[in-house]
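K.L.:
Take a look at the letters that make up each chain.
There are 2 protein chains.
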Amino acid sequence: MEYTFSSSMQHFKSSAVRDILKLTQGKSIISFAGGLPAEELFPVEAIRSAFDRVFTHDNSALQYGLTEGYTLLREALAERLSKRNIHVTKDEMLLTTGSQQAIDLMSRVYIDPGDVVLVQEPTYLAALQVFQSRGARIISVKGDELGMDLEDAERLILIHKPKLVYINPTFSNPTGYVWSLERRLGILQVCRQHHVLILEDDPYGELQYGGSEHFPSIFSLDQHPHGSAVVYTSTFSKTVAPALRTGWIVGDPQIITNMTRAKQAADLHSSTMDQMALYQLLCHFDLDKHVDTIRSEYERRMKKMATLLTGLNRSDIKWSEPKGGMFLWLELPEGLVAEELLKAAVQEGVAFVPGASFYAESPKLNTLRLNFTHSNEKQIELGMQYFAKALEQCEARL
Amino acid sequence: MEYTFSSSMQHFKSSAVRDILKLTQGKSIISFAGGLPAEELFPVEAIRSAFDRVFTHDNSALQYGLTEGYTLLREALAERLSKRNIHVTKDEMLLTTGSQQAIDLMSRVYIDPGDVVLVQEPTYLAALQVFQSRGARIISVKGDELGMDLEDAERLILIHKPKLVYINPTFSNPTGYVWSLERRLGILQVCRQHHVLILEDDPYGELQYGGSEHFPSIFSLDQHPHGSAVVYTSTFSKTVAPALRTGWIVGDPQIITNMTRAKQAADLHSSTMDQMALYQLLCHFDLDKHVDTIRSEYERRMKKMATLLTGLNRSDIKWSEPKGGMFLWLELPEGLVAEELLKAAVQEGVAFVPGASFYAESPKLNTLRLNFTHSNEKQIELGMQYFAKALEQCEARL
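In order, the protein sequence lines correspond to chains B and C.
Going by my numbering, the first sequence opens with residue 1, and the numbers climb by one from there.
Going by my numbering, the second sequence opens with residue 1, and the numbers climb by one from there.
These aren't lab readings, by the way, just hints derived from the structure by calculation.
Careful: at least some of the hints might be erroneous.
[What the hints assert, rightly or not] Quick look at which bits of chain B chain C covers, simulated, 3 or more residues with Cβ under 8 Å: (1) 1-10; (2) 61-71; (3) 97-104; (4) 232-243; (5) 301-312; (6) 317-323; (7) 346-356.
[Unchecked claim] Restraint ranges, calculated between C-beta atoms of paired labels, are given here: (8) B:E377 to C:R53: 51 to 61 Å; (9) B:E45 to C:C283: 22 to 32 Å; (10) C:S60 to B:E321: 22 to 32 Å.
Think of the CB as a built atom: it goes at the ideal place given N, C-alpha and C, for glycine as much as any other residue.
Whole structure, please, built from the sequences with the hints as guidance.
P.N.:
Take a look at the structure:
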């Protein structure tokens, strides 16, 4: 029988990069490609105890649950968020299967085919895919390491009347950049003025390395819990563990109610077991201290990679030391194609993600993303040696 | 700030029924409304041990996992399905957040706005919502207790050229009906001939009460693992516990691959913890024996409710004893509106779902669904007394 798939499937094509990375399977390769946290830092014993505690409760724990998510976790999370100056009640929050689902549900309730979404490129690949699969037109705003160019944002808002601005302002994927306070306040003002909703995606906000600078979420800067111009999503994937698949989104009750209805059709609700375990974890485990541990180890790894990059003595490769997050962003000399470099790198024994995937409009072929959290210092050292060799080979061929 | 939601939100309106059922919250009310399994039968200790075993594995268990789902569970499930004559490899299977997500992802990869989906009404409410939110036109095929009218199905296929036929053929929600073998073979032949894909939704198939009749899945009747005219979805929600949110869908690799890509954008993957625990459960627990326990208890409850219905001595109320599943379907005398009856019933202390919700086209206002699995025999006895009183009151008012 022949199948006729929906037109949105065109946005889910397999990529050349995925095919190259498939070559790494089974090989002993050092991967700077994925956005993975360090496994050896997972608080396994604490998570085990948390699950154990779940079963001391009554059987109804195993029954169908609320689409909104486990009430006690929403309350505990609301309290936790208040320390970051995000003040919401449990009814202004929806628990999701990772923050990925929050982005997807937000698109479902807000985006119609043909609607415009503004982004600052490069940006999170899987968010672009979600918007595209809804039939949205993605328009890229000019910007730099400090965030969107506000004049360009306003110009494009006036021309295209977007429904949504998608921003990953704090230690962004893929660049590691962080928006300045001025830009945060600026985009909020522009969006509020023109009635454009901001989707603030913040999976890495807690992973700040050194420095006493404070980067408040855009949501927290918008002192309108009701009628907020911002919806804010984050996750436990980077602070506890990804396998628990628990993210959240907070915003105006109208938006949360609509997302809850959409979620009911999407999957009724996410895993109650994971949500109950996370609640037990928040009650009996010092998560802040744990995040400190992760932070110092990741900072060490980032410094290691940065030192090795500096050691390449290549002033024609542009990069900067990130203030947090999981990624380093490189711009190679013009003419060097990161996808070609990847082929050579995989032969040497190291992988990364070419930057082109993170653009919806005009990809910069000479960019790439390096992850430094999933490899230890020894692996980073070896991986960067391979990377340097691959770079030499690639340039010799030019 | 004013929000402009997407047009698909019109399909997620709050219903009058939901509002009535909200009145039951906090009240001591006997609910025949939800489609909930019996909590007291959950294999809590076995599930607890299963989770415990998960943690004897390495830390990578807590890392991001495959979108397709935990490999060992897919393999174990494939073996389990082979006993029901469903022969698939792990690559022809996707694990989902309940079978609800399977229906949703299937719609995403297969349905464009304006496409037609055939159903036999009444049918599963949340499936209708999914199709409607994709912008599908839902066309209802005539039918009876034995399944769709095959001539009407073929006629409508020729007129409307549907993309999909959605069927819940075994102990259906909401009717409890089960399709005959003849209709199963018939719809398969018609759909294969006209290149229409069948989505077979089978959450209740294992809950057969008495009788030696065998109701093979339509998928198993279609001896074309590749190029199959059927995709088949089911879940652990009814046999183990809903909180673990683990369903699956099997079908042609092309379809599964596309659904996997769509799932990557939807939520990356479902809870690995739940999937690993279910794998441990399948290895160390006699699930078949457990299903037998559930079956005999549910059968007892169903018989209890059926006896009480018979005791009403109302030949003008149409219903039949289901051969499996979780529901009894009632057709009241013409002129009696189930939604009005519900209001009276809630006052008396019992709830159910009026049947109108289960229709996309012309709702039958005098129908209703009773669940018998979530209440014990004592509650069923009391609930049916309340139900009878409410019926009297309602009729007195006519």
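K.L.:
Compare the structure with each hint and give your call.
P.N.:
Verification of the hints:
1. 1-10: holds (count 9)
2. 61-71: holds (count 5)
3. 97-104: Result for this restraint: holds, n = 5.
4. 232-243: holds (count 4)
5. 301-312: violated (count 0)
6. 317-323: violated (count 0)
7. 346-356: Violated, because only 0 residues of the region 346-356 of chain B bring their Cβ atoms closer than 8 Å to Cβ atoms of chain C.
8. B:E377 to C:R53: 51 to 61 Å: About 33 Å separates the Cβ atoms of E377 of chain B and R53 of chain C, which means 51 to 61 Å is violated.
9. B:E45 to C:C283: 22 to 32 Å: holds (23 Å)
10. C:S60 to B:E321: 22 to 32 Å: holds (29 Å)
The structure fails hints 5, 6, 7 and 8 (numbered hints given earlier, in ascending order).
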